[in-house]
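K.L.:
Sequence:
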Amino acid sequence: MRYFICGFFWIGVYLSLVLFPCLILLYGAMPGGYGFWWDFSMALGFAAASMMALMFFLTARFKRAALPFGVDIIYYFHKHISLLLFLFAVAHAVILLSTETVVWEMLRPAKINRYMAAGVVSFILLALIVISSLWRKQLQIHYDNWRLLHAFLAVAAFILALVHIEGVGYYIASPAKRIIWGTIMGCWLLLLLYVRLIKPLVLLSRPYRVKKIIQEGGNAFTMVIMPEQHQGIDFQPGQFVWLSMYHSPLSMKEHPFSISSTPEQKGELHFTIKALGDFTRRIKDATAGEPVYIDGPYGAFSIDRHPSELGYVFIAGGVGIAPIRSMLGTLANRRDGRSHILFFAGSTLEKLIFYEELHAMQDVLDFKIVCLLEQPPLDWQGETGFLSSYYNIKNAKRGVRRGFRDRSRHPPRRRAGLRTHNY
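Under the working numbering, the sequence shown is numbered contiguously, ending at residue 558.
Note that these hints are calculated values from the structure, not bench results.
As the structure is a prediction and not an experimental result, all values here were calculated from the model.
A portion of the hints provided could be inaccurate.
[Claimed, not checked] So the derived label-pair ranges between C-beta atoms look like this: (1) ARG416 with ILE319: 25 to 33 angstroms; (2) VAL290 with PRO391: 17 to 25 angstroms; (3) ILE319 with LEU232: 23 to 31 angstroms; (4) GLU425 with ALA245: 42 to 50 angstroms; (5) LEU158 with ARG249: 42 to 50 angstroms; (6) VAL238 with ASP439: 16 to 24 angstroms; (7) THR422 with VAL148: 40 to 48 angstroms; (8) ILE208 with LYS401: 26 to 34 angstroms; (9) ILE333 with PRO391: 20 to 28 angstroms; (10) GLU240 with ARG199: 44 to 52 angstroms.
Backbone N, C-alpha and C define an ideal beta-carbon position, used for all residues, glycine too.
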């Protein structure tokens, strides 16, 4: 309930921040209008500017604002609200061009002034942001390069939009409105300064150091880091952080990784990372003492958000076991008396990360593991096949309620996949 109420609160804050600059413009004497479509177009333009400013708020990773939703939902919202913003900007331009011939005259190369040019360039930059974001892979833009490009285009588009609004002066012609609108936009620029400069500098002042690298199964490695001259972070089991390594936090080259250790392991953090990309392949070669910078914790995927449940059903494949290891380890440390079950899928037994450690937890927890192997050994007595969406696990749900102490740790060999749609 607490997260539910907080979620509604932050949704209300977002809507208020979008609408407030627009409502301010309605205060006091109204300028002579050109009709409904002109005024509607202006409203869309101001709404787009407000939403553009709030994009920096959405990507600032404020922990309190992200807590009810999780950062993944915030970024998902950021993506889709950006498309709405762009549609507002398109509608703003199309309405003016289709209803006001004077706008065509103002856009002629011989007559265009600086603020109209600023509006045109801002619109083009917004279009480039949308295109490069939706079709980044098709355009073969490396993720790190895209992030830098995205940030530069967003800042430039926003500043040019402010120049356009200030130059046009419609609805903000009075001194009081200019002061109010200027103050609001100044606050957004300060937010931008915080996101891109102040926050990275704070992270730079709180470094971690690599303690050791542990080789795991499945071409994965666990990197253990320790805080340097500070207390580190408090986190819930299952959460993740943004990790910067080999680069300063100012470089915007951080990567999200789940914490695989437990909150009780004070003084160090574990990250279990599979060598898949350019950055992750370098983890195994990290040396002791290598500086690491952490922004977090974030995420809503945690048992601590559901403390009153009768038990938990975990589903993982490959390196996705990392946050679940954190949660199961926490339950073991707390001597949790409820019943839990883990469905763990992998291609071979050797690629099931933490396989032995997870089985050892059964001595402490009322906990059952169901492993599914795509390529099982000849003497394998567990499940085989794929973790699919067609197997009914109501029995697993009932098992969580009743407990697993009296059950075999290895269920009969089966060929059917696990169907999870009924749980």
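K.L.:
For every hint, state whether the structure bears it out.
P.N.:
Cross-check of the supplied hints:
{"no.": "1", "hint": "ARG416 with ILE319: 25 to 33 angstroms", "verdict": "46 angstroms, violated"}
{"no.": "2", "hint": "VAL290 with PRO391: 17 to 25 angstroms", "verdict": "23 angstroms, holds"}
{"no.": "3", "hint": "ILE319 with LEU232: 23 to 31 angstroms", "verdict": "28 angstroms, holds"}
{"no.": "4", "hint": "GLU425 with ALA245: 42 to 50 angstroms", "verdict": "59 angstroms, violated"}
{"no.": "5", "hint": "LEU158 with ARG249: 42 to 50 angstroms", "verdict": "28 angstroms, violated"}
{"no.": "6", "hint": "VAL238 with ASP439: 16 to 24 angstroms", "verdict": "56 angstroms, violated"}
{"no.": "7", "hint": "THR422 with VAL148: 40 to 48 angstroms", "verdict": "44 angstroms, holds"}
{"no.": "8", "hint": "ILE208 with LYS401: 26 to 34 angstroms", "verdict": "30 angstroms, holds"}
{"no.": "9", "hint": "ILE333 with PRO391: 20 to 28 angstroms", "verdict": "21 angstroms, holds"}
{"no.": "10", "hint": "GLU240 with ARG199: 44 to 52 angstroms", "verdict": "49 angstroms, holds"}
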